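J.: Next come the chains, spelled out residue by residue.
Number of protein chains: 2
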Amino acid sequence: MIEYISGGVCAPKGFKAAGVHCGVRKNKTKRDLALIYSEKPASAAAVYTQNLVKGAPLTVTKRHLADGRAQAIICNSGNANTCNANGEYIAESTSALLAAGLGIKPEDVIVASTGVIGQAMTMEPFERGIPELVKALGDASAPAAEAIMTTDTHAKELAVEFVSGGVKCRMGGMAKGSGMIHPNMATMLGFITTDCAISPEMLAKALSEDIPGSFNMVTVDGDTSTNDMVAVMANGMAGNAEISSCGEGYAAFCEALHAVTVYLSRQIAGDGEGATKLLDCVVTGAKSLADARAVARGVAGSTLLKAAMFGADANWGRVLCAVGYSGADVDVSKVAVSFKSAAGEVEVCKNGAGVEFSEELAAKVLAEKEIYILVSLGDGDAASEAWGCDLTYDYVKINGDYRT
Amino acid sequence: MIEYISGGVCAPKGFKAAGVHCGVRKNKTKRDLALIYSEKPASAAAVYTQNLVKGAPLTVTKRHLADGRAQAIICNSGNANTCNANGEYIAESTSALLAAGLGIKPEDVIVASTGVIGQAMTMEPFERGIPELVKALGDASAPAAEAIMTTDTHAKELAVEFVSGGVKCRMGGMAKGSGMIHPNMATMLGFITTDCAISPEMLAKALSEDIPGSFNMVTVDGDTSTNDMVAVMANGMAGNAEISSCGEGYAAFCEALHAVTVYLSRQIAGDGEGATKLLDCVVTGAKSLADARAVARGVAGSTLLKAAMFGADANWGRVLCAVGYSGADVDVSKVAVSFKSAAGEVEVCKNGAGVEFSEELAAKVLAEKEIYILVSLGDGDAASEAWGCDLTYDYVKINGDYRT
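Residue numbers (numbering that gives the first Met the number 0), protein chains in the order written: chain A, 0 to 403; chain B, 0 to 403.
The hints are simulated quantities; they were obtained by calculation from the structure and are not laboratory data.
Bear in mind that the values here come from a model prediction, so they are computed numbers and not experimental data.
Where a beta carbon is used, it is the ideal one built from N, C-alpha and C, also for glycine.
Be careful, since some hints might not be right.
Unchecked claim - Chain A is nowhere near these chain B residues, computed Cβ spacing over 12 angstroms in every case:
(1) Gly164
(2) Val347
(3) Gly351
(4) Ala381
Unchecked claim - With a cut-off of at most 20 angstroms between alpha-carbon atoms, the simulated DMTMM-like pairs for lysine to aspartate or glutamate come out as follows:
(5) A:Lys27 x B:Asp393
(6) A:Lys204 x A:Asp138
(7) B:Lys396 x A:Glu247
(8) B:Lys349 x A:Glu87
(9) A:Lys286 x A:Glu367
(10) A:Lys333 x B:Asp393
(11) B:Lys333 x A:Glu87
(12) B:Lys25 x A:Glu358
(13) A:Lys396 x B:Glu87
(14) B:Lys368 x B:Glu358
(15) B:Lys134 x B:Glu160
Said to hold, decoys possible - Take a look, some chain A residues computed to stay more than 10 angstroms from chain B by CB distance:
(16) Gly238
(17) Arg317
(18) Ala321
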């Protein structure tokens, strides 16, 4: 039902994007200001970090989205605009400047920032960059997807086509991740566009129900950022009858949304700071969804397991150890663990104890770039999946000296 | 009141120790079996990991300590005796063999293991090693302190002298730490001896009240081990009137115990796997002790801050970020942060926002081996302290290939 297409956030009708260098970053070759624009005012919803320390852009965006409508997303990288005395002033002024340039209402602007926390910020780069940004608006999504990157090694975007209410609709998304990634109820930055017609209420419901099983199941380093945000704009230009209640049309929308958010989640995990491998922990047989999620996140987030995966060491004791401290209600004597990848599958633990396995096969399995850690709890029907990455020398290198 | 003396766990009257190589480890130059023995049966108490996956030695020790008495502690390194089908058999047989060798009751043996989880284990090394171990018993504590080490770079032990009930008493301790260190209600391995007379009940009370503010405030990598245990034996040979209720004598005992546990906790944190620096996070002005502890552990355990400390980068935004996601009830706008070491002190954040500071001074402060991260919450009287270490290339190296 879902078809993958090109075009990113610009694939849905009526959306344009741009990305420029405005000077928040010193490095002039790195775009640092992104814009996503909808020709028509759109239903809009967002979820935010649960960190008590919140970036000023989140406070401002929350205010702007009170009416469930938006028409543009602006995002800078290089400075988080967090723990600055003038944070809200900067975020509001940025919205106002952009609104003037686009001829829209300042309250219809979603504003986001990512980068160093607590670094002084002025309006100067925005005053210079916003006119250029508006002029650069076009059908290419890549410049915007690049502009929101920090230590990401590549841009993360995709688009899908789906049918809702008999009408072909499109949805596009982009995200940035890399470090400080362990979202709690909201997440890193993710921006999603769609031309599907959906009411603000149903859009907010779809997003808030999707996040716990998608972005919130990503963990890079256990640090929940102050600036996490996922925002969606739905401008209705596909021409379907507006989704305003549950039903087939809504289900199709949710399915498309989940395809987009899971794809971006996996991309973020696999491109975690310094990562060489994507870890995909699949938990089955849990007593409850909460237990399944706790185990999946615990295993994918175990520092020791992450280091072992970097070294392609089939140290399954660390999987069991993480299951044990995850806080989930688990009968350890029923746990089974396998490692799986394109190179094969190897069972390493059954009934909570080790089984003999070929170290040679295990080394082959773990040498791949995408490793599945299959944890079967044998105690119920609930399942979950979490995405993480290995812990490498480069993670330490990148984060030992991030500010300079 | 407390005087630091030499002698480790053998400093108190009536305690002997030994450490030999028995063959649990292949490396013949590394001692892997430790014994601490009391000439007289002693009051004894222990605390254990809260991980659902528990090493078999913990189950057996719990059973043996049901009567609050013990006379010997035996501990092997190299194999955790966890997730093995024959785990309890190994731990009980080890106790029985040792008891026969020493002429004591098997139920008076505390048994502990540390090393790889889920690796097959036989009695063979114990059958060979225990007679040698018993023969080697003597007044030197160092061989035992070495034998419990895994990736520790040095043995951790100390002894103190204190006065309880007008009588001079002594207390000694040893510990191993290094990786998988993020205790929850119990901790890594810690063995404490004292000749102070104290009832099993008061000993258990003293230990369980001490742990939350000592060993449980250590974090190396956020992974709570399956084999954490701290055990104390008090043989009464100092000749004081047995402490059987609260009062001055008990207070003096608790003070000595805290001196021993905090010293060992700091040693464990500073010798975390791959660590080059001890991080000491001191939180003041919290609304409650629980809030103070959550913040201290959150900051000391932040992967990103640990990496920044390795790089001597005064990235205080990561301190604030960790305060925000610690789960504590905090008013961010009142938070102040300073970094302090032998080289000086530098305030980097006040009222939740950055203050101008000398990067040169900050770099000097952070170049030291022992860094204090001072977090003032400005919201109450509660305080706490947590100990961690930096995250380094060597942590990744050590843990990328631990089993081989």
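J.: Taking the earlier hints as the rules, which of them does this structure contradict?
T.: Numbers 2, 3, 5, 6, 7, 9, 10, 13, 15, 17 and 18 - these are the hints that the structure violates, sorted from lowest upward.
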